[in-house]
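Here the protein sequences come in this chain order: C and F. At position 61 of the first sequence the residue is numbered 61 (the working numbering), and the sequence of numbers has no breaks. At position 298 of the second sequence the residue is numbered 298 (the working numbering), and the sequence of numbers has no breaks.
Think of the hints as simulated: they come from the structure by calculation, not from any bench. Just to be clear, a hint being listed does not mean it is correct.
Some chain F residues flagged as far from chain C (calculated, every beta-carbon gap over 10 Å) [to be verified]:
#, residue
1, Gly50
2, Leu301
3, Ala333
4, Asp347
Incomplete in silico selection of chain C near chain F, CB under 8 Å [stated by the list, open to error]:
#, residue
5, Ala55
6, Glu79
7, Pro93
8, Lys94
9, Gly95
10, Ser121
11, Val122
12, Thr199
13, Gln301
14, Asp326
Glycine included, every Cβ here is placed at the ideal spot set by N, Cα and C.
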Amino acid sequence: MRHILAFLLLAGLPAPAFADVGAAVDRRILPAYEGFATAAEALAAEAGTTCDPEALRPPFNAAWDAWMQASHLHLGPSEEKGRALAILFWPDPKGLGGRAQRALLTGDPAALEPEAFAGQSVAARGLAGLERLLYPSSPPEADACPLIRATTQDLARLAQELVAGWEGPEGFAQNLLTAGEPGNTRYLAPGEAVQALFTQLVAGIEFQADQRLGRPLGTKDRPRPERAEARASERSLRNLTLALKALREMAVTLDGTAARTASAFDRAIEAAEALEDPTFAGVASAEERPKIEELQRLIRQIRRTALDEMPPTLGVTAGFNSQDGD
Amino acid sequence: MTTRRGFLVGLASLGAAPRLGWADVGAPAWLTAGMKPDGAYVLHGLSAGGVSRFEIPLPARGHAAAAHPTRPEAVAFARRPGVFALVLDCFTGEVLSRLTPPEGRQFNGHGAFSADGRLLMTSEVVAEGSAGRIGLWDAGTWRRIGEWDSGGIGPHDLKRLADGRIVVANGGIQTDSTDRTMLNLETMKPNLALLSAEGEILEIMELEEELRQNSIRHLALIDGGTGVAFAMQWQGDPAEAVPLLGVWRPGEAPLLCEAAPGDLFAMKGYAGSVAAVGERIAISSPRGGAVMIFDRSGAPLATHRRADVCGLAALEGGFVASDGSGALWRLSAEAMEPLARHDVAWDNHMVSAASL
Numbered sequence: 001m002r003h004i005l006a007f008l009l010l011a012g013l014p015a016p017a018f019a020d021v022g023a024a025v026d027r028r029i030l031p032a033y034e035g036f037a038t039a040a041e042a043l044a045a046e047a048g049t050t051c052d053p054e055a056l057r058p059p060f061n062a063a064w065d066a067w068m069q070a071s072h073l074h075l076g077p078s079e080e081k082g083r084a085l086a087i088l089f090w091p092d093p094k095g096l097g098g099r100a101q102r103a104l105l106t107g108d109p110a111a112l113e114p115e116a117f118a119g120q121s122v123a124a125r126g127l128a129g130l131e132r133l134l135y136p137s138s139p140p141e142a143d144a145c146p147l148i149r150a151t152t153q154d155l156a157r158l159a160q161e162l163v164a165g166w167e168g169p170e171g172f173a174q175n176l177l178t179a180g181e182p183g184n185t186r187y188l189a190p191g192e193a194v195q196a197l198f199t200q201l202v203a204g205i206e207f208q209a210d211q212r213l214g215r216p217l218g219t220k221d222r223p224r225p226e227r228a229e230a231r232a233s234e235r236s237l238r239n240l241t242l243a244l245k246a247l248r249e250m251a252v253t254l255d256g257t258a259a260r261t262a263s264a265f266d267r268a269i270e271a272a273e274a275l276e277d278p279t280f281a282g283v284a285s286a287e288e289r290p291k292i293e294e295l296q297r298l299i300r301q302i303r304r305t306a307l308d309e310m311p312p313t314l315g316v317t318a319g320f321n322s323q324d325g326d
Numbered sequence: 001m002t003t004r005r006g007f008l009v010g011l012a013s014l015g016a017a018p019r020l021g022w023a024d025v026g027a028p029a030w031l032t033a034g035m036k037p038d039g040a041y042v043l044h045g046l047s048a049g050g051v052s053r054f055e056i057p058l059p060a061r062g063h064a065a066a067a068h069p070t071r072p073e074a075v076a077f078a079r080r081p082g083v084f085a086l087v088l089d090c091f092t093g094e095v096l097s098r099l100t101p102p103e104g105r106q107f108n109g110h111g112a113f114s115a116d117g118r119l120l121m122t123s124e125v126v127a128e129g130s131a132g133r134i135g136l137w138d139a140g141t142w143r144r145i146g147e148w149d150s151g152g153i154g155p156h157d158l159k160r161l162a163d164g165r166i167v168v169a170n171g172g173i174q175t176d177s178t179d180r181t182m183l184n185l186e187t188m189k190p191n192l193a194l195l196s197a198e199g200e201i202l203e204i205m206e207l208e209e210e211l212r213q214n215s216i217r218h219l220a221l222i223d224g225g226t227g228v229a230f231a232m233q234w235q236g237d238p239a240e241a242v243p244l245l246g247v248w249r250p251g252e253a254p255l256l257c258e259a260a261p262g263d264l265f266a267m268k269g270y271a272g273s274v275a276a277v278g279e280r281i282a283i284s285s286p287r288g289g290a291v292m293i294f295d296r297s298g299a300p301l302a303t304h305r306r307a308d309v310c311g312l313a314a315l316e317g318g319f320v321a322s323d324g325s326g327a328l329w330r331l332s333a334e335a336m337e338p339l340a341r342h343d344v345a346w347d348n349h350m351v352s353a354a355s356l
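Just chain C, same shape as in the assembly (with noise of 0.2 Å):
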């Protein structure tokens, strides 16, 4: 490859597009799901031994971390039979989960059998739901034990399935690297596993910016603490900063040449960083604030900096429907 495309520049033809969707898949997208069951299982394995949230709290936050390695990916397993909410619901502005799971605590445990259990609201299960349990802010009005055994469960088979989804020669994993190829109906062009790669890494970023930043900043008039993600797990800044790191990994796995895009992610790493603020509560201080707007101008500073520098060597464009609406 490398002889045909030296091959390529001294013949003083264009490059062809290059976009290593194998590495992303191989390095990134499977360990990533691997990850998250090997903490899904250890988190589910020390709530059958014990419901002490002291006991619980860091697998739990190992959990949460290896999620902040693939919560990106709305492709796939993921997105199928709602995974990807049930893992993690958030935002939930209406407070759907909270209610939810307060029915499942004092209702007919039958409700948390496994079975039963995967077709509960996706609002109530989740690392969203075993935060609320595992960081009461009140003292629960029944035992919680049961609820925790069954959430970390039914955690530990989602992510069971998502690996199962992704892996193996039916997997998911399979149509990304098959794609144009004769059969598969997924992905009709090579460029388009590319695309669908892209098109998740931009999303991420914009995820960072809107959703994790913009609902605690609110408005300047209107700042929102009380919207920042998982406030009493005091994760906030957390999945923020591991989410940019992992999008970052993406990146230049999917394009090792994206040298700018790179660096504009260390730029928002390096400021999401030296922000010592594990659950934005600066954005309703007038001295703290202009550092959340700083880091989120540097998130969106990353996404115009990808949509510029990567398209060409990808050979992928903005959608030509999703980015016009009507």
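The hints should help you fit chain F onto chain C, whose structure is shown.
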């Protein structure tokens, strides 16, 4: 060898001017606009199998088209804010007429013919303030002959019911007259307006207050043309899952169709097209990269994933969809399968040609 066109020219020269129908242009099942790899905009007539029957150049990006009920003529509308609509002869590719909205009016992307094909109705806005109008055009001379009040702000799609009455989707959004900047998101109030065949406003259907920011934009006829399925675009908090499809029959309350719990956010709050066939209704979301199929009672049946998918039309008991990568898809509640692929980025809408 006598070509068909040569033969027709021969006939015409004999003074026996033939009346052409849609069959003469290969009986396209659908019309859809698009963009070629070189950036040129075109209108295509497509067969039920996804084969292109004709390609006609457009001067700018198209949005939707309206097919004349009998003559092989299509009116292609520019995307909003529209300054032109072209009447195209789908046999020769010739521009028969270029419709320009009167001073102070803008086309808003869609239009419909009366049943007898003598009147073309176009969705329009008063440029300042976005008050809705239905422009009236003589479909013989293509002269502007009048206009009606659309019954709301920012009308987009409109459909003629089987009995001749018109349903207009008044999206409710006031836009800047020079671009698409939305000016009234805090106060918007979309509606469906039922107009008589003479333009009298007979009924206005509004959604409940908490769905006020759900812009009603696209329509498909249902129940034998006695009602409409309507597709919406949510302008409120994207973290709130709201129904994006509704069904309405004049005189009745609307039925809102909720997505399956696991797919609440699959459409990203945005339905770009809607089509209905028999007991099935489909909506598409280019933003979410998804098509959802519901049954007539509002139950979600399936969600199919495809990037940048938008155009939707009915196909023998199922649907066909088009996307920005040039692919055409056949879909049902059970499956989504590729039908054909062209080197054209298909635009937002597919419309059924009269021959279907």
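Hint check: 8 Å Cβ-Cβ cutoff, aspartate 326 of chain C to chain F: OK, holds: aspartate 326 of chain C within 8 Å of chain F, min 6 Å.
Chain F contact restraint on valine 122 of chain C - CB to CB distance below 8 Å: Result: holds, 6 Å to nearest chain F Cβ.
Hint validity - glycine 95 of chain C Cβ closer than 8 Å to any chain F Cβ: violated (11 Å)
Hinted contact glutamate 79 of chain C with chain F - closest CB pair below 8 Å: holds (7 Å)
Hint validity - lysine 94 of chain C Cβ closer than 8 Å to any chain F Cβ: holds (7 Å)
Given hint glutamine 301 of chain C near chain F, where the shortest CB pair must fall under 8 Å: violated (22 Å)
Assertion that alanine 333 of chain F lies outside the chain C interface [Cβ separation over 10 Å]: At roughly 16 Å from the nearest Cβ of chain C, alanine 333 of chain F sits farther out than 10 Å, so the non-interface label holds.
Assertion that aspartate 347 of chain F lies outside the chain C interface [Cβ separation over 10 Å]: Nearest chain C Cβ is 7 Å from aspartate 347 of chain F, so the label is violated.
Interface restraint verdict for serine 121 of chain C against chain F (beta-carbon cut-off 8 Å): Hint on serine 121 of chain C: holds, closest Cβ of chain F at ~7 Å, below 8 Å.
Proposed interface contact between proline 93 of chain C and chain F, which counts if any beta carbon pair is under 8 Å: This hint holds: proline 93 of chain C lies near chain F, its Cβ roughly 5 Å from the closest one there, short of 8 Å.
Nearest-CB test (10 Å) between chain C and glycine 50 of chain F: holds (13 Å)
Leucine 301 of chain F non-interfacial with respect to chain C [C-beta, more than 10 Å]: holds (15 Å)
The structure does not agree with the numbered hints 4, 5, 9, 13 stated previously, though it agrees with the rest.
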